[in-house]
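Q: In case you want the letters, here they are:
Protein chains: 2
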Amino acid sequence: MAVVGVIGGGQLARMMIPAAVALGIEIRVLAEAEGSSARLAATEVGDYRDAATVLAFAAGCDAITFDHEHVPQEVLRALEAEGVAVRPGPDALLYAQDKLLMRERLGSLGVAMPDWARIETAEQLGAFLADHGGRAVVKTARGGYDGKGVRMVDDAHDADDWLAEGAVLVEELVVFQRELAQLVARRPSGEMRAWPLVETVQRGGVCAEVIAPAPHAGAATVRAAEQLAFTVAEGLGVTGVLAVELFEAADGRLLVNELAMRPHNSGHFSIDGSTTSQFAQHLRAVLDWPLGDTAPVAPVSVMINVFGGLPEKSIRTALAHQPAVAVHAYGKDARPGRKAGHVTAIGTELDDTAYRARAAAACFDA
Amino acid sequence: MAVVGVIGGGQLARMMIPAAVALGIEIRVLAEAEGSSARLAATEVGDYRDAATVLAFAAGCDAITFDHEHVPQEVLRALEAEGVAVRPGPDALLYAQDKLLMRERLGSLGVAMPDWARIETAEQLGAFLADHGGRAVVKTARGGYDGKGVRMVDDAHDADDWLAEGAVLVEELVVFQRELAQLVARRPSGEMRAWPLVETVQRGGVCAEVIAPAPHAGAATVRAAEQLAFTVAEGLGVTGVLAVELFEAADGRLLVNELAMRPHNSGHFSIDGSTTSQFAQHLRAVLDWPLGDTAPVAPVSVMINVFGGLPEKSIRTALAHQPAVAVHAYGKDARPGRKAGHVTAIGTELDDTAYRARAAAACFDA
Chain B
1 MAVVGVIGGG QLARMMIPAA VALGIEIRVL AEAEGSSARL AATEVGDYRD AATVLAFAAG
61 CDAITFDHEH VPQEVLRALE AEGVAVRPGP DALLYAQDKL LMRERLGSLG VAMPDWARIE
121 TAEQLGAFLA DHGGRAVVKT ARGGYDGKGV RMVDDAHDAD DWLAEGAVLV EELVVFQREL
181 AQLVARRPSG EMRAWPLVET VQRGGVCAEV IAPAPHAGAA TVRAAEQLAF TVAEGLGVTG
241 VLAVELFEAA DGRLLVNELA MRPHNSGHFS IDGSTTSQFA QHLRAVLDWP LGDTAPVAPV
301 SVMINVFGGL PEKSIRTALA HQPAVAVHAY GKDARPGRKA GHVTAIGTEL DDTAYRARAA
361 AACFDA
Chain U
1 MAVVGVIGGG QLARMMIPAA VALGIEIRVL AEAEGSSARL AATEVGDYRD AATVLAFAAG
61 CDAITFDHEH VPQEVLRALE AEGVAVRPGP DALLYAQDKL LMRERLGSLG VAMPDWARIE
121 TAEQLGAFLA DHGGRAVVKT ARGGYDGKGV RMVDDAHDAD DWLAEGAVLV EELVVFQREL
181 AQLVARRPSG EMRAWPLVET VQRGGVCAEV IAPAPHAGAA TVRAAEQLAF TVAEGLGVTG
241 VLAVELFEAA DGRLLVNELA MRPHNSGHFS IDGSTTSQFA QHLRAVLDWP LGDTAPVAPV
301 SVMINVFGGL PEKSIRTALA HQPAVAVHAY GKDARPGRKA GHVTAIGTEL DDTAYRARAA
361 AACFDA
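Protein chains in written order, with the UniProt record's numbering: chain B, 1 to 366; chain U, 1 to 366.
Just chain B, with the same shape it has in the complex:
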């Protein structure tokens, strides 16, 4: 039986469990702590920054993959040196870990992006602001996610605290119509598959809602997004799932916002809405197994994140009011603002499907 080791015990690892069970894959999780979201498959609790811990965990695994992108390069390279199949590998993950390197690399691949610069001083930031209408977005090169490590600035000194730590990324504030995401999977032997382009709705810098497929996306946009994601997956040598977060600019151009080299919030709809879910596909891809069909099982899927917690009483209410909506709970203790679960409705018509998903999600409002 194939064995996949997952570093990190969050909800992404948790949602790989059902896929592993179906495919007869043994899944082992190295969790950060007891009681993690993926505790059912946690065979070990330990520090993913410690090479010895991770090497011991990897023994007997056919492939190592990730719940997050924070495993240090030294640890990843130590695994590879021992002959462990690390997927995605350190050379690819580097671009998910460091946004400055990512921008440079995407530039060399010819991928469209917001204007950006590497800045090391307030003067450089001031110059960028002057060239871009007086406002911009500053991002720390490393460690940011879900709105953290990202800041809107309109003054040359607005990033002084971060600049004291080193170089940061500055990007133009893109005037976009909406945000989209293109999910693809790639296996080591090269096969790639794309899911339909989706629209993502962010609130407070965090994904709130995903509509699949993206409404009113023209064939040219759909093709362009898919080609772009394939270019990135191939160019960066990604194995497993790659999510490319995109801005659809006012003029219709697609600009790459962020990359994630793992199953991604924008693909949660695929559990209920796709022939092959992103979690099943990720496991297949990291094992270099043949990839699955990504066709939708219904014309429309709407996924809505639930923040805070999913008390049992609210789950029962949601199931009672919306018996056709799938509720996914991540088994986490309640905490304000925490991604605690999601709901997905599938259907034939966007308005009705979105209504049902929102009605189910509303059962979790405090």
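Think of the hints as simulated: they come from the structure by calculation, not from any bench.
With the Cβ distance kept under 8 Å, some of the chain B side facing chain U (calculated, not the full set):
1) R14
2) A329
3) G341
For lysine to any residue, the following SDA-like pairs were computed, each having C-alpha atoms within a straight-line distance of at most 20 Å:
4) K313/B <-> M1/U
5) K332/B <-> E26/U
6) K332/B <-> D62/U
7) K313/B <-> A85/U
8) K313/U <-> G190/B
9) K339/U <-> A33/U
10) K139/U <-> R151/U
11) K332/U <-> D62/B
12) K339/U <-> A208/U
13) K313/U <-> P290/B
14) K339/B <-> E69/B
15) K339/U <-> M1/B
16) K313/B <-> D62/U
17) K313/U <-> D288/B
18) K332/U <-> M1/B
19) K339/U <-> R316/U
20) K313/U <-> E191/B
21) K332/B <-> M1/U
22) K313/B <-> P188/U
23) K339/B <-> M1/U
24) K313/B <-> S189/U
25) K313/B <-> G60/U
26) K332/B <-> E32/B
27) K332/U <-> V3/B
28) K313/U <-> V3/B
29) K313/U <-> R187/B
30) K332/U <-> E26/B
31) K313/U <-> D62/B
32) K313/B <-> E26/U
33) K332/B <-> R28/U
34) K313/U <-> G60/B
35) K313/U <-> P188/B
36) K313/U <-> M1/B
37) K313/B <-> P290/U
38) K313/B <-> G190/U
39) K313/B <-> R187/U
40) K313/U <-> S189/B
All residues carry an ideal CB built from backbone N, CA and C; glycine is no exception.
Got chain B; can you put chain U on it based on the hints?
A: For chain U alone, kept in the frame of chain B given last:
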């Protein structure tokens, strides 16, 4: 978090795991042995016939349910005496455990069945044969499944070995057009839901293939099957999933063949083909949670059992050849004739869907 304890570590317990993960339910399995199909959730290994073992296992569970129907009545009643929610309860399970009692009880509910009799002697069997064209089916009252404990007879002495052990059930050999199955779920507070009527194709007394919905079933047949299953579920006080195996007689009447009070092979298609799978529904039902929508996600589903084993090489072949077919492996060691997994195709048209399912299943032929 709700906790469901499952007695038995076979594939039915295994397939409850993904449903539990999605719903945020903690699932604990009392397995017969190490390395069971449901080992990922096995919190204990022990003998389900031992009341002390089962009582200890049940501590902390909100409901106890089953992978099989073999837990002795004394053990079930000991659980109930301790206030454990046993679902289905002993009064219902009795009819799944003893085919003679089942026939008597169904008779009192007015449900159509093959002609049957309780026989204790070869003379009685001879008399039944004489009245029913010289051939009949003899079944042991207890312990039969998948063709075991079932025998075609044409001589009064053909069941002497079983009669030496006690009374057996004899049934007329029904001339049927085909076999069907009606799956329903019922929760303690009374809510019931039915899946579409399915056709089951048996080979050697074992389910080989399931087509959902049953092709060419008229509205009257569909309604009759649903009503019949609701009558049985309510009449017997079943909680959780109930499968009613049916003969469609030459004259179109539906006759009850067997009952199963748990997720059932005839409902495996629902994992991929239904809005709510039988495994999710079973967990919801045994916790007395609101039941889910049972509408199909595609016009046709075809499920085919895989026997023997699912070597990784064959899984990869099946996934490569049929990228839209779902492969389900039960994590069992290979053994001739053993139910080792299944494949499900969903689609819009029966011929194509069945072709794809069969092509995937054929990848596992030795």
